[in-house]
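**Q** Single-letter residue listing:
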Amino acid sequence: MKGKNKTPHYAVRLVVLILFAGITFFVGLRFFVPEGSKLTGSYDAESLLYIASAPVEYAGSKSCGASSCHDSLFKKWAKGAHGARDEQSKCEACHGPQGNHPGKIKKLPKVRGDGNVVELCLTCHREMKARSTTGQPQISPQEHPFPHKEVLICTQCHDPHSPGFDKPATAPVGATKNSTNNVEAPNGMSAGESLASSCFSCHGPKGRGGFAPVLAGQPLGALKDKLVKFRSGELKGAVMNPVASKMKDKEIEALAQYFSGL
Amino acid sequence: MDKWVNFPASVDSGDTHELGPDELGRRKFITQVLGSSLMLMALPTLASTLFKKGMSETERNLIKKEYLEKYCPPGYDPFAHRWAYGIDAYKCIGCNQCMTACKIENGLPGHPSINNRWIERYTKLAGDSHVHVDTCTDPANISVSDPDNFIYRFDDRYAEADVEYSFFVPKMCNHCEKPVCTQVCPKGATFQTPDGAVLVDEDRCIGCLYCKQACPYGARYLRPIPARADGVTRVAGKCTWCWHRITKGQEPACVGICPKKALIFGDLNDPNSDISLWIKEHGRELLVLKPDMGTRPSVKYIGINEEVR
Numbered sequence: 001m002k003g004k005n006k007t008p009h010y011a012v013r014l015v016v017l018i019l020f021a022g023i024t025f026f027v028g029l030r031f032f033v034p035e036g037s038k039l040t041g042s043y044d045a046e047s048l049l050y051i052a053s054a055p056v057e058y059a060g061s062k063s064c065g066a067s068s069c070h071d072s073l074f075k076k077w078a079k080g081a082h083g084a085r086d087e088q089s090k091c092e093a094c095h096g097p098q099g100n101h102p103g104k105i106k107k108l109p110k111v112r113g114d115g116n117v118v119e120l121c122l123t124c125h126r127e128m129k130a131r132s133t134t135g136q137p138q139i140s141p142q143e144h145p146f147p148h149k150e151v152l153i154c155t156q157c158h159d160p161h162s163p164g165f166d167k168p169a170t171a172p173v174g175a176t177k178n179s180t181n182n183v184e185a186p187n188g189m190s191a192g193e194s195l196a197s198s199c200f201s202c203h204g205p206k207g208r209g210g211f212a213p214v215l216a217g218q219p220l221g222a223l224k225d226k227l228v229k230f231r232s233g234e235l236k237g238a239v240m241n242p243v244a245s246k247m248k249d250k251e252i253e254a255l256a257q258y259f260s261g262l
Numbered sequence: 263m264d265k266w267v268n269f270p271a272s273v274d275s276g277d278t279h280e281l282g283p284d285e286l287g288r289r290k291f292i293t294q295v296l297g298s299s300l301m302l303m304a305l306p307t308l309a310s311t312l313f314k315k316g317m318s319e320t321e322r323n324l325i326k327k328e329y330l331e332k333y334c335p336p337g338y339d340p341f342a343h344r345w346a347y348g349i350d351a352y353k354c355i356g357c358n359q360c361m362t363a364c365k366i367e368n369g370l371p372g373h374p375s376i377n378n379r380w381i382e383r384y385t386k387l388a389g390d391s392h393v394h395v396d397t398c399t400d401p402a403n404i405s406v407s408d409p410d411n412f413i414y415r416f417d418d419r420y421a422e423a424d425v426e427y428s429f430f431v432p433k434m435c436n437h438c439e440k441p442v443c444t445q446v447c448p449k450g451a452t453f454q455t456p457d458g459a460v461l462v463d464e465d466r467c468i469g470c471l472y473c474k475q476a477c478p479y480g481a482r483y484l485r486p487i488p489a490r491a492d493g494v495t496r497v498a499g500k501c502t503w504c505w506h507r508i509t510k511g512q513e514p515a516c517v518g519i520c521p522k523k524a525l526i527f528g529d530l531n532d533p534n535s536d537i538s539l540w541i542k543e544h545g546r547e548l549l550v551l552k553p554d555m556g557t558r559p560s561v562k563y564i565g566i567n568e569e570v571r
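Here the protein sequences come in this chain order: L and P. Quick note on this note's numbering: the first sequence kicks off at 1 and runs consecutively. Quick note on this note's numbering: the second sequence kicks off at 263 and runs consecutively.
A few of these clues could be false.
As the list claims (entries may be wrong) - In silico EDC-like links for lysine to aspartate or glutamate, alpha-carbon gap of 16 Å or less:
1) P:449 to P:464
2) P:523 to L:86
3) L:236 to P:418
4) L:129 to P:464
5) L:206 to L:193
Just so you know, these hints were derived from the structure itself, not from any lab. Predicted model, so just to flag it, every value in this text is computed and none were measured.
This is chain P alone, in the form it adopts within the complex (with noise of 0.2 Å):
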């Protein structure tokens, strides 16, 4: 208590000076060079932002230009696609052929949970209020699988049981128009090109798995890489939808194996290209994964249901 009484709760009116009426003060000083500094900072910017052209065609075309001959692989024009990738789950019979060719193609090892790719079996249960859902990570799938030797199947664990419905459903990366993955990488790591695909700059990604948590898929995973020189061994992997394949003029590994055409892929610029023409069949059938992500997926599907998520 002792202390209080002994501070002075308030300066001595005398040793305060009292501002005459031409005197600026400091208070107010620098309230006035602040502000006034502030507006010649933002007026210019702001009169530059109103008055500012956009860019004109040559500009664009300049940056295009260049993008295309220092970046881009010779003979291919990221600006004239917009890729988009169909999946008719009415015809796919869950051989995971999809599933091998992605992984041989990307080079990726044979453990069932390291994937591009992957499909799920929804099984409905006469009488059971929820669906069952198995995929290739599934313990009694595995062990019919021969994961070495990339062969992935599905166990016929349903053979006995009264079934309602049971339907397949590929999973891969959905390629979004409006990418999560891309707003939350803290590198700069993952991107999307101009023709609509997100990849992964493989030299820049440290792993930290930002963008697994933000995608609303569970599309991206853990891939083991040779270790670098920063010591990163691990780095974020995904489906590219074989950019380097489709930048050749071919189509991905999944779509070129799938025995039942239940993948399709395709420039949506073609008004002929499988893709818009599938599109154009299945208008209203098509579905998207978690419309209410916002994210704007790439890939359509039909023959699901509601409990697909």
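Looking at chain L on its own, in the form it has when it is part of the complex (with noise of 0.2 Å):
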């Protein structure tokens, strides 16, 4: 009866080795680990060099203006409500990271990415519900280039450097630099490809289809086609007819065939 009721001897043995163990175990973990990885992290502390030796793409608005190659631009922005804010849209936002530009990359894209200003200038102030209500002006690109129906991107009437609406509508895309006269293309784009960014902005990137029409794979003589008939008023269109009027056969062509080939 009274041999039952005692700790089995095994048992006993068995709490106190595992209790030495443990001690040992941390005692020796005090003892071996070096104190100056408690001060640093145990790592191979090589490779914070290699991590910090990343290229920096971003330099930020200052060196734009710091730089005085681009003062007057600078200077302009820090006064228009993109700069003067507290909350700022900086140059890069727009043009895309500096990177190598003064050296390498002669010069950076007027819009960074596919070259779409609207929906750019949308990717901040397209209204939408989850977007707070205070700052940016809140657009809905259906109802908002009112009255000029005319009027194809933001920038014809908004600079955007200082932004706010000061700035008289210019003529619509058919006359801007995108179709002058030139037909050749500079750096190694179709003609059709250079033409076809102002058609962008409301056909969509590569005219996939925006708030007009997809153009993208569409044939190529109802491409041309129907140009010439917005060239010469037999369709009418508020929109296409005054940028068609511009147009030459040359253009027109290379247009349709880069549509057409997409």
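Dock the two chains into a complex; use the hints.
**A** Take a look at the structure:
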């Protein structure tokens, strides 16, 4: 009877052994772990230099103005609605990262990405339920260019460096630099491609459809036919008539070729 | 049955040797030798631990100096900083500029699901019991984006819907004070620097993604790299707080580009830094993601609700 209540000696031994192993482990941990690693952490510290050596792409707006290369534009921006407030829309937000700009890369794009000005503005200014209502103007692209329906891109009325409605509407896209008489396009783009960039603001990137119909992949004949008819006024379109009226046969051909080939 | 019958159940007592009173015996001998040797090993360890002094200030400084000279970028002292990051979800407009800047700055491919940081849209429709969440990887959002050109947009899917509330939440690595990812890494490839940033050693990482499984915030992903000598082509990627920028005294690319000042970054050790002032201003509103995980994130939020995970 007495022997049954007594803790068995093998259990006592087990507990003592576990306790002993535990104490040895933690004491050893304190003893063997080098003090320095508590300061710095334990890892291959040589990787720090590698991580820190990555190139800086975004240099900040100040470097554009401080370098006096873009002094006047910078001053204009700093006074305008995009730069004067606490919440600034930076140079690199629209023009892309500075990266190697003054050196290897001679020229930054006017607009980063696919060159679609309207969509770039709408990146921040499109009216959306989730967006905070304070701060930047919220614009519904279907309603906004009122009353000038022939206005196609935001920059015709608003100077992006100092936005606000202070710039009179300039001539529509057909007369801007993208469809000059020079059909030969710069830097390796096909003639149609460089012309087409002004179409993207309504017809979507690469003509894949915006708030105007899809152009990409349409038959060559149909595209040419439509443009010619818009030019002559046979087809009516508040937007397309003024655009097409300034086009030459060569340009119509190039555009139709470009969009049908997509 | 027969084999048990033939096998002797016990050793014949005639073969064993009865121990005399002065004999030690094998079992006793082993116990005593083992026990005393363990005591001999443990006692000095215990004694040295009890009487060991902590590192003296000079020793500490020596180690720091060596670390700074050998491993840190020139002119940067990680011991002098404690970085933290603030996100103001009231201000975020979901323009995804931070994501674009981050990808270009860190040389990531344009694919929408390879991200150091991303924005989530939480929308509750009237009469709906759950919240709709969509990010840049949503097919409808990809269709209005242009990943090849690093352009990411949210579509206007709730334009006609009856929305109860809707807001954007930027998400990123939380650079926890007690990171989980560093504990599970079998290669010691991910670590925390003294300034609080959690980084990945690209040369050690084998892309096993234990860290991705461990991370409560889903901040890690597989990043393609040029094939290494050991055949590894993808390693764990994560936000580094643009460590190559902050060591040069610049702010992270996302913070620099944000047009709404919804992202705040700074040094907690400096009482006049952006983040210290911001934390002071919003003291009671501040939230962190999944505080119950015990990771103590360095990324603080305001303007989110309990639906945000």
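**Q** Hints first: check each against the structure and report whether it holds.
**A** Status of each hint after checking the structure:
no. : hint           : result
1   : P:449 to P:464 : 11 Å, holds
2   : P:523 to L:86  : 8 Å, holds
3   : L:236 to P:418 : 30 Å, violated
4   : L:129 to P:464 : 41 Å, violated
5   : L:206 to L:193 : 9 Å, holds
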